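J.: Below are the chains, spelled out letter by letter.
2 protein chains.
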Amino acid sequence: MEAIEELAIQPCTSSLYLRPFRLCYRQNGTKKFWDFMRTHDSVSILIFNTSRQCFVVVKQFRPAVYMCELERHHPELFENQDKESLSRVEDPLPAAVGVTYELCAGIIDKPDLSLEEIACEEILEECGYRVPITNLRKITSYRSGVGVTGSRQTLFYAEVTDQMRTGEGGGQPEEGELIEVVEIPLEDSMKFAYDETFPKTMGVIFSFMWFQTNIAPKLPKK
Amino acid sequence: MEAIEELAIQPCTSSLYLRPFRLCYRQNGTKKFWDFMRTHDSVSILIFNTSRQCFVVVKQFRPAVYMCELERHHPELFENQDKESLSRVEDPLPAAVGVTYELCAGIIDKPDLSLEEIACEEILEECGYRVPITNLRKITSYRSGVGVTGSRQTLFYAEVTDQMRTGEGGGQPEEGELIEVVEIPLEDSMKFAYDETFPKTMGVIFSFMWFQTNIAPKLPKK
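The listed protein sequences correspond, in order, to chains D and E.
For the first sequence, the positions run 1 to 222 when the UniProt record's numbering is used.
For the second sequence, the positions run 1 to 222 when the UniProt record's numbering is used.
A couple of the hints might just be wrong.
It does not matter which identical chain is meant; a pair holds if it fits inside one copy or across any two.
[Stated by the list, open to error] For lysine to aspartate or glutamate, the following EDC-like pairs were computed, each having C-alpha atoms within a straight-line distance of at most 20 Å:
{"no.": "1", "residue 1": "K31", "residue 2": "E2"}
{"no.": "2", "residue 1": "K138", "residue 2": "E116"}
{"no.": "3", "residue 1": "K221", "residue 2": "E159"}
{"no.": "4", "residue 1": "K31", "residue 2": "E90"}
{"no.": "5", "residue 1": "K221", "residue 2": "D188"}
It should be emphasised that the hints constitute simulated quantities derived from the structure, not laboratory data.
Quick caveat: nothing in here was measured; it's all calculated off a predicted structure.
Chain D extracted, bound-state conformation (with noise of 0.2 Å):
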């Protein structure tokens, strides 16, 4: 498991990973403004591997979430934060609060590559899968958030068996990533996507509904 030491927050002034906007306008006559951010639009991965009829996702640590649950916890921390200050997180909580169950991902900021070649990427990086670009099918696209980032997610299909296995994933160490490739059997994935001890985005238990109504029917019987 993760180990989570020394955790500290404070007011983020300037960022270069949040660049947060504000939008001024009339809509039907009324003056209105609303801010939000630019983040890049991404794509995702639902990974079936054929040859032990599992999915494959990735699971890591991710601080957003992890604070969340914290806030919940400690709603002080984030009621003090006006000035500039770092405050220390006292009685931190597990680190497994904040592990989420997520699909294969990644941000599409390389203007020179489709968006398939950019899943590829992503799915050797992170799961350690060479993918021919043709294994990929499109699922579809929708708007990964509305309220603040407005971005689009395009949502893709592949299957790989273990003989395209050429290494162990776990994405950039170097870019701070440290993600653990995790298989969840077809048979129990239905379960493990409605069960909420196990936290995971909506990708998730989307994209396996997903298979079960278009891929897992057309599957060669065992």
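Keeping the supplied structure of chain D fixed, place chain E upon it in accordance with the hints.
T.: For chain E alone, kept in the frame of chain D given last:
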């Protein structure tokens, strides 16, 4: 359709709505930090009108989605934003590119109310149906964002009838909400879900599919 005029953007240095923080920590021995935002958890409701066999969803102009599309066409708008200046958008896109279809939803900002009570309030405010709490069925919960907000969303299913419609819905105009209530006939719903020309959230697609699997088989035959 929405008239959106007089658009201008500026960097947002302070916001009541976006609360950016930085978490500093040590993960497995390595010092790291992560910038995130605190937002509220939320509820979201799949509403099915049994009188007319249709889903009830909402449609609204989303500035963040609009700006995401605008950046695709005018990336320079976001590039020269080092200083605190207001930039007029000289060549705006049609408002329609920022209009999304979503499930009825609301943030959890009333500590005295249960999730179910908040869900019923949102159904009334946004869609105009007065629904008893016992008509709500919890589908599941998940993380609605893991990178930036980490917040949790709980998804409910609610059956309504025409008799329960006591108002127009449309949100709270005094709070700036301009929400259009839209009915999607059950027989068109899966086609709608996968038609990417209607921008929508994953919640719409997921919950329509959930309905097909969990509710549709038990509907009385017409």
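J.: So, for every hint listed, does it hold in this structure?
T.: Hints and how they fare:
Proximity of K31 to E2 under the C-alpha cut-off of 20 Å is restricted to the inter-copy arrangement: shortest distance 13 Å between copies versus 48 Å within a copy. Taking the closest pair of Cα atoms, K138 and E116 come within 20 Å of each other only inside a single copy of the chain (9 Å); across copies the shortest separation is 35 Å, beyond that limit. Within a single copy, K221 and E159 get their C-alpha atoms as close as 17 Å, which meets the 20 Å cut-off; across copies the closest is 38 Å, which misses it. In this assembly of identical chains, K31 and E90 lie within 20 Å of each other by CA distance solely across copies; the values are 17 Å between and 45 Å within a copy.
In this homomeric assembly, K221 and D188 come within 20 Å of each other (Cα to Cα) only inside a single copy, at 17 Å, whereas the closest approach across copies is 32 Å.
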